[in-house]
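Novice: My request is simple: use the sequences and hints to build the entire structure.
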Amino acid sequence: MSKLAHNEVISLILSIGMMLIIARLFGEMFRKFRMPLVVGELIAGVLLGPSLLGRYYPEISGIIFSTGTNVSIAMSGITSISVIMLLFVAGMEVDLSLIRSQGSTAVKTSFVGLIIPFALGYFFASNFYNLFGDNNANDVLVFSLFIGTAMSISALPVIARTLMDLGIFKTRIGMIIIAAAMFDDLVGWILFSVVLGMMKGAVGHNFIFTFGLTILYAAIMLTVGRILINKAIPWAQKNFSWPGGFLSISLGLAFLGAAFTEYIGIHAIFGAFIVGIAFGDSVHLTEKTREIVQQFVTNIFAPLFFVSIGFKVNFVNNFNLEITALVLGLAIACKLIGASLGALWGGLKLNEALAVGFGMNARGAMEIILALLALQAKLISEQLFVAIVIMAVVTSIMAGPALALLLKLKPTVLENENK
Amino acid sequence: MLWRPQNLSYVYSMENSKTENQQVFEKIAVAVAFSPRIEAILAQAKELQNIFNSHLLFIHVGEHTLQQEQYLTHLLHRFGLDLPDNKIVWDKGEPVEAILAICQKEHIDLLVAGALEKESILKYVMGSVARKLSRRVKCSMLMLTEPSIKPNGFKNIVVEGTDHSKTENTISVAIALAKAYRAQELNIIQESDPAKLAIIRSDELLEHEAEQHKDKIQKEEDEKIEEILRCSDCGELQIKLKRIEGKPGYVITQFARENAADLLVLNSPDRKMNILDRVFPHDIEHALADLPCNLLIVNPKQDEEDSIVQ
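Protein chains in written order, with the working numbering: chain S, 48 to 466; chain V, 11 to 320.
Simulated from the structure, these hints should not be mistaken for lab results.
Glycine included, every Cβ here is placed at the ideal spot set by N, Cα and C.
Please note: incorrect hints may appear among the correct ones.
[Unchecked claim] Computed, partial: chain S to chain V, Cβ under 7 Å:
1) Lys-50
2) Ser-148
3) Gly-150
4) Val-330
5) Glu-334
6) Thr-371
7) Leu-375
[To be verified] Stretches of chain V that chain S covers, calculated by requiring three or more beta carbons in the stretch to come under 8 Å of a beta carbon on chain S:
8) 250-257
9) 272-286
10) 292-298
[Claimed, not checked] From chain S, some residues computed to sit far from chain V (all C-beta separations above 12 Å):
11) Leu-51
12) Leu-143
13) Leu-145
14) Ile-146
15) Ile-274
16) Leu-294
17) Gly-312
18) Ile-384
19) Lys-425
Specialist: Right, dumping it as structure tokens:
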């Protein structure tokens, strides 16, 4: 069995240590400007990677993120594990009971907020394929399905933070936005898993078959699996050390779910995402336990993942204004029209419906994960990847001010209280 | 936390309570099924009538034989329920639909029915008559899990204190019941959903920021409950406020079970519940899955509902 050489081990450990510290420093710097941590982590990678530091001082950049073959493979393994865990935590945030309890307004908002962006994205991608740059020309159908999915996804943490800042987290509109975003996440990841499954071709590029498998897995895990997990948690609480026991069991099952979905031809992330939902829905899960899992993943594995993105792609060379403007404009228009129409249909007033549209427009980390997986699957070009990442960052930053303007609210006085 | 009303000069008496209680449930319907528990259900109905000074309507849907009619007449006489204001309605057809239609037509305020604490998974998912009624009925509903032929009132009452527009009315009804039955304990439970708290704690906030958001939300909820209690005539009733972390609906059900409550009072669902709500249970469905004790689902009267919507 081949193993890392002494200097490669040092290089790998050094990379992980530096990436974690740099990601935290940049993340905190951006948080001071009330921007999501992920934006700072991403920009840290861009500044220190081939886009800037690597261009002029490749040796220094190489120390932070080694490009040696074996270390790259090890790093790739770590980022794959990171993304599986990130999706597990994203799944834990999906509260099925909240979606059900918010009733028809949330369902209408999320349904229309998903269908319209998906349809518009699909339509544009299939009819104006060349405008998106030089992508995988062999498979316009799969590419169009991906663009449709990319347009329909929302970022729950960014939305929640925005709603809390505006003091409307617990209001009717706040809960509708949260529930609709959760539902969009669920359906969005199902769609993306199908797209990735079709990409692999292992299941004969059969949409119906891949879709059927995805739905079957989700249905079994969210019914029988969820009930079994809910029953197993009290037993584990009694017999295992806690919350360490929960951490091992939950992440263990997340990886097993990921392995299973990867095996049947759906991407590994989907398995972890659904296991996350099943765990998150348990009535026995306390705030403290949730927090431990969340903190563990989002503060160790998420920064590694997001910083590594900047090292993998040259953002300066691959920046294309036309493609970025197209993706950004299309994303905002799709989500704004879709989610707002859905909210209007659900009975909200125009300004409230537009606020819902802007809230749901925030794409955040989930969109970046989606884009990176598509890039790794060679479905999209680096130019389109950069455009999607910029779109995710811009839509996340603009959600707060747009909501405040539309609802004529000011951010809560937390900042003032702190001073 | 123990709530002490400011006005302690109020002295409770059965006489003045009758007039005020009459406003709570003026018309009560009793679903009669000729089951072994029929006598106990009627005994409970009599007790309710005495307390709320209500008109009673006995509904039986299904076969109508002379023998049944004679038996019911006999029972009504035995429990002193054969009063001129009380009525018997015999109907045919699908029991749930028929009872719902009668309740609507007769402007019923409270529907009383017997219910099993727990049903088989299949029956629970498909829905028994009592549970189907509880999910769809427009008036309030009392589900009696252990009706007694010698009712002893409700002494240990647990009521929902969720931040919801219906909660004020629900707490008022619970207070009226607690006073009427001279309950020893009335617990108002505020549930903190860990899923929502986890969202608050998501990676974007500093520890103290997350705490401030959480405290602010909980303080607002506390103030609303205290305002409800200030506006309610609690008399000498001792009310305990408790905040428990956990899934809404599940937590309060567990609390009622662990504290051997004899009545759990919950808000009515905001919309018609369907099979998906049983598969992915939330709120009241947690209680319906395994009733911890008698359950009162409070549905605001139409005029109250209009004002809540406004």
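Novice: Please verify that hint: Thr-371(S), Cβ, nearest Cβ of chain V, below 7 Å or not.
Specialist: 25 Å, violated
Novice: Does the nearest C-beta of chain V fall within a distance shorter than 7 Å of the C-beta of Val-330(S)?
Specialist: Status holds, d = 4 Å.
Novice: Just double-check Gly-312(S) for me: nearest Cβ-Cβ distance to chain V has to come out over 12 Å.
Specialist: 27 Å, holds
Novice: Once the shortest beta carbon distance from Glu-334(S) to chain V is found, is it less than 7 Å?
Specialist: At about 4 Å, which falls below the 7 Å cut-off, the nearest Cβ of chain V leaves the hint on Glu-334(S) intact, so it holds.
Novice: Checking a non-interface call: every C-beta of chain V should be farther than 12 Å from the C-beta of Ile-146(S). Is that right?
Specialist: 8 Å, violated
Novice: Does the nearest C-beta of chain V fall within a distance shorter than 7 Å of the C-beta of Ser-148(S)?
Specialist: 5 Å, holds
Novice: Under 8 Å between beta-carbons, do enough residues of the stretch 292-298 of chain V, three at least, approach chain S for the coverage claim to hold?
Specialist: holds (count 3)
Novice: Holds or violated: is there a CB of chain V closer than 7 Å to the CB of Gly-150(S)?
Specialist: 5 Å, holds
Novice: Is it the case that Leu-145(S) keeps its Cβ farther than 12 Å from each residue Cβ in chain V?
Specialist: 7 Å, violated
Novice: How about Leu-375(S): closest beta carbon in chain V under 7 Å, or not?
Specialist: 23 Å, violated
Novice: With 12 Å as the threshold, tell me whether Leu-294(S) passes as away from chain V on beta-carbon distances.
Specialist: 15 Å, holds
Novice: Checking a non-interface call: every C-beta of chain V should be farther than 12 Å from the C-beta of Ile-274(S). Is that right?
Specialist: 9 Å, violated
Consistency note: the structure conflicts with the earlier hints numbered 1, 6, 7, 12, 13, 14, 15.
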